[in-house]
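Engineer: The lines below spell out each chain.
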Amino acid sequence: MLKVESLVKVYASPDGTVPAVRGVSFTVPQGAFFTLLGPSGCGKTTTLRCVAGLEQPSGGTISIDGTVVADPARGIHVPAYRRDIGMVFQSYAIWPHMDVFGNVAYPLRVARKRPPRAEIRERVMEALRLVGMDAMAARSATKLSGGQQQRVAFARALVRHPKLLLLDEPLSNLDAKLREQMRFELQELVARVAITTLYVTHDQSEALAMSDNVAVMSDGIIVQSGPPRDVYTKPRDAFVAAFLGAANFLKAEVVQRTGAQSALVAIEGGSGRFSVTLPPGIAAGDHIEIVFRPEDAAIHFAPMGGDDLVQGLVERLSFQGGSTECYLRIGGTIVRAILHPAIETTNGAAAWLRIDPARCVVYAPGQGR
Amino acid sequence: MTAVAQEAAASTPDPGRRWGELGIAGVLVISLTVLAALYLISAPLIMLLTTAFRGPQDLLPFEPGAIWTFENLRAVYLDTKLYTSVIPNTLIFTAGSVSLTFVLAFTLAWLVERTDLPWRTTVFTIVLFPLLVPGVVLAIAWIFLLSPNTGWVNVALRGVLGLTGSGPLDIFSMGGMILAQGVGLVPFVFLLLSAALRSMNPSLEEASSASGASPLVTFLRVTLPVLRPGILAPLILATLVTLEQFEIPLVIGFPARINVFSTRIYFELNTDSDLPAYGKAAAVALPFLVGGILLLLLYNRAIRRAEHFVTVTGKGYRPSRFALGRWKLPAILFIVIYLAIAAVLPAVVLVWASLFGYGVPSWPTLGTASFAAYAGLFASGKFWGAVGNTFLVAGSSAAIVTVIGALLAWTILRTRLPGRFVLDFVSFMSLGIPSVIAGLAAMLLYLSLPIGLYGTVWVLVLAYSYRMAVASRLGRAALMQIHAELEEASYTAGGGWATTIRRIVLPLLAPSLVASFVLLFILGFREFTLPTILQSPDNTVLSVIMWQLFQSNQTAQAAAVGTMIVLFVVPVIFAMRRLLLAQDGKD
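The listed protein sequences derive, respectively, from chains Y and E.
Note that my numbering has the first sequence beginning at 3, numbered continuously upward.
Note that my numbering has the second sequence beginning at 15, numbered continuously upward.
Don't take each hint at face value.
As the list claims (entries may be wrong) - Short derived list, chain E residues pointing at chain Y, Cβ under 10 Å: (1) 94; (2) 98; (3) 209; (4) 218; (5) 228; (6) 232; (7) 236; (8) 240; (9) 389; (10) 393; (11) 490; (12) 491; (13) 495; (14) 497; (15) 498.
Unchecked claim - With a cut-off of at most 25 Å between alpha-carbon atoms, the simulated SDA-like pairs for lysine to any residue come out as follows: (16) 342/E to 19/Y; (17) 253/Y to 186/Y; (18) 145/Y to 566/E; (19) 165/Y to 147/Y; (20) 342/E to 77/Y; (21) 145/Y to 584/E; (22) 145/Y to 234/E; (23) 145/Y to 242/E; (24) 145/Y to 312/E; (25) 145/Y to 214/E; (26) 342/E to 79/Y; (27) 145/Y to 245/E; (28) 236/Y to 359/Y; (29) 342/E to 80/Y; (30) 145/Y to 406/E.
Don't read these hints as lab results, they were simulated from the structure.
All residues carry an ideal CB built from backbone N, CA and C; glycine is no exception.
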């Protein structure tokens, strides 16, 4: 189990200090897969490096399996080599002067209680089998492809059965096809060894597909965290919504409150009304923003009456094979929707957009960016 | 870098041009380039080889009366002094200086590149400072500091320890030579080692740390082995440079009666009584020429291994620096002492000697400051002649080599000229020719050719221009980055060969051309060996003038020349530092 509380990391720079992490707290239960997701410079890698012990935090505490490994206030800093961790680096950091076996055996060979030779051999081969590299044990590290280097890096991180596995963008140096494949393998691997894992990435699809819990970071803080499905469907603000996938934003005005949490709103520049679920503190006449995913936008091409509909014009169509992307102009805004490829329509056609109130999120002004 | 080159090679499987596709201008330029390169490098060497087998020894190889003989080889290699003094001295001198250089340079490079040492960029600049100062200037400054009777350091030590007489230290000894040479070569090796340290992927060390290895284990099992190729290449290069070293053995070793191979060749040519012994000098040169070229082959291998070691690097997480902690003070002390000995004291003693004459500083002497030495220099036509010669020779040889080297690189990479790999090999081997041997070979060649070049400044230009390796390697590296399709696009747009070279290739190569010109200019500016061996009243350069003045006991004027050289070097160092720091995006 990993517990990070109020972590702060400040860098000294020639023109003052730069806060990289500004109070991050999270807990990764035993055996869970936890992802820090965010754009570059959001502090996710710094957080990971503090957990690894490669950086000294400026404040907060970190504990692994109940043992405090970093607490600057009490002068505690356990160096990386005294923490029971395995780490996979973005560049894999495979040592070029050793062969595959030597790389993987290293954590066992430098251990304070060095296992006997036969046991090292057995455990290295077991780790290599786990990543499907056992046939290449004797190969020189400089003769490995990117994907092979990555497998070796995993074997090296897992060989001493650490309490915590740290992964720093391990897929980002692979090409798109290989990345997809490695993602599945990685998922399977982590599930099989059932190890507590902290994963850092800027790729939302990796984060959503692999994690038990995701924390979206921005500007040195965690903006929102939770199971991937919750974070995806109920983004707390426009940043999270946009970062986790394609999102549509429509400006609207509250026309009439219809209940404690619901109201009818009018889309700016469009005709028709929507009923939505409102966050607290919004009254009739207020301006709001409605956010929804393209796959939740239903498009009709026959005139329809009633609420929860807004009319627009087809601006552009993009045939993708398995689907058609349809861009709809509503007032000054373009909304993206997904159509079944069998539906045929033309640019300039009139269309009606329907959104399920349960599938959209509403922000008060200022909350969305 | 390699990836780009591979991609270029993959997408244009056969970029080579046949002879006929070049046009008349192309054929003409390429032929001239190839001939010039082959001439500048091999003609003197062929002359040298011939001379070793021609006698009698005081005749030039093709003078009337010279015959084929093994007499020179016999005289040199059956002389036991070669085995009891010259070879052991050369080996001790080389091993000692290179070890000293490495210990100092690695410590400095590690402190500057990998620790949180304060004022790192300033230290970086000051360490590099002596790089451009000719070795003879440093050697003379060291004599001012450490000569047994009046050297500043010795006087100070005697005062502190209450000793009388001379000493306790003596620059005129093997130890003194090793100290002067070892410290003198530090800037060059420091530059190479810090580049190696900087290009190392820091996560290799972090991965070791995350695997449970302590800092010491990480250093021994990861840092050093990963750096090994990056350390080996500078090590071989430093050995090569020390082996061919001439200034220190001449200025310090001669009074100490310690001969190494370079001075041995020189004294065969400048005997006290007899005529120059050309044949014997050439015979001495042969094994060292072979040794130099073998070392260079080794170097080439080490470099290729270093390239193999390049692994995937992640997008830059800035390497975390090693916190010195309680070692900070000792580290700063080490740097201060090193800089005082290697840069500050030599500079101070030079300036002092130029103003006050060579003596121990004291309050009364302060009143006797005099610019007489400078006045004397500025009034002398010989000095201004040397200034002109220095710039003329350094500038024109750098220009010749840069142009020929770039064209050579193009020919080797972009044509299918038969024998282009031999060309590559020959141009690279030029780096392995010790400059004493190059000087001797040029001397033999131009004394024999009846074209009246010998003794003029142009013989220096030709002699300096054999170092093709720097320009052709730099040009080659730059050309590999330029996709051959850029040139092909020019051909398809209707540009001929000459137009394409002039309007596409040369502008794209410009940065590397400038870099190789500057580098070669610096080498030419520092050069002492070639102009000493080929000296005549008409072609003296600054470093030779300084040596001549020093030998004739005009100490203040010698120091003034040294000071002038240093003054010229200062702005160049700052320009170079900007260039280096800009390239590496250093803090």
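Engineer: Against chain Y, with CB atoms and a cut of 10 Å, does the hint on residue 94/E hold up?
Structural biologist: violated (45 Å)
Engineer: Tell me if residue 495/E is really an interface residue toward chain Y, meaning its C-beta lies closer than 10 Å to one of theirs.
Structural biologist: The hint is violated - residue 495/E has no Cβ within 10 Å of chain Y, the shortest such distance being about 22 Å.
Engineer: Is the straight-line distance between the alpha-carbon of residue 342/E and that of residue 77/Y 25 Å or less?
Structural biologist: holds (21 Å)
Engineer: Min Cβ distance, residue 232/E to chain Y: is it shorter than 10 Å?
Structural biologist: Hint holds; residue 232/E Cβ to chain Y Cβ min 8 Å, cut 10 Å.
Engineer: Could you check if residue 389/E really has its C-beta closer than 10 Å to a C-beta on chain Y?
Structural biologist: This hint is violated: residue 389/E lies away from chain Y, its Cβ roughly 46 Å from the closest one there, beyond 10 Å.
Engineer: CA of residue 145/Y to CA of residue 406/E, is that 25 Å or under?
Structural biologist: violated (50 Å)
Engineer: Tell me if the interface restraint on residue 497/E is satisfied: Cβ within less than 10 Å of some Cβ in chain Y.
Structural biologist: At 21 Å from the nearest chain Y Cβ, residue 497/E fails the 10 Å test, so the hint is violated.
Engineer: Residue 342/E and residue 80/Y: Cα distance at most 25 Å?
Structural biologist: Holds, at roughly 22 Å.
Engineer: Do the numbers back the hint for residue 218/E, that is, is its least Cβ distance to chain Y under 10 Å?
Structural biologist: This hint holds: residue 218/E lies near chain Y, its Cβ roughly 5 Å from the closest one there, short of 10 Å.
Engineer: Next pair to validate is residue 342/E with residue 19/Y; report whether the Cα-Cα distance is within 25 Å.
Structural biologist: At roughly 22 Å apart (the allowed maximum being 25 Å), residue 19/Y and residue 342/E satisfy the hint.
Engineer: For a C-alpha distance cap of 25 Å, please report whether residue 145/Y and residue 566/E respect it.
Structural biologist: Distance of about 62 Å is beyond 25 Å: violated.
Engineer: Is the straight-line distance between the alpha-carbon of residue 145/Y and that of residue 234/E 25 Å or less?
Structural biologist: holds (23 Å)
Consistency note: the structure conflicts with the earlier hints numbered 1, 2, 3, 9, 10, 11, 12, 13, 14, 15, 17, 18, 19, 21 and 30.
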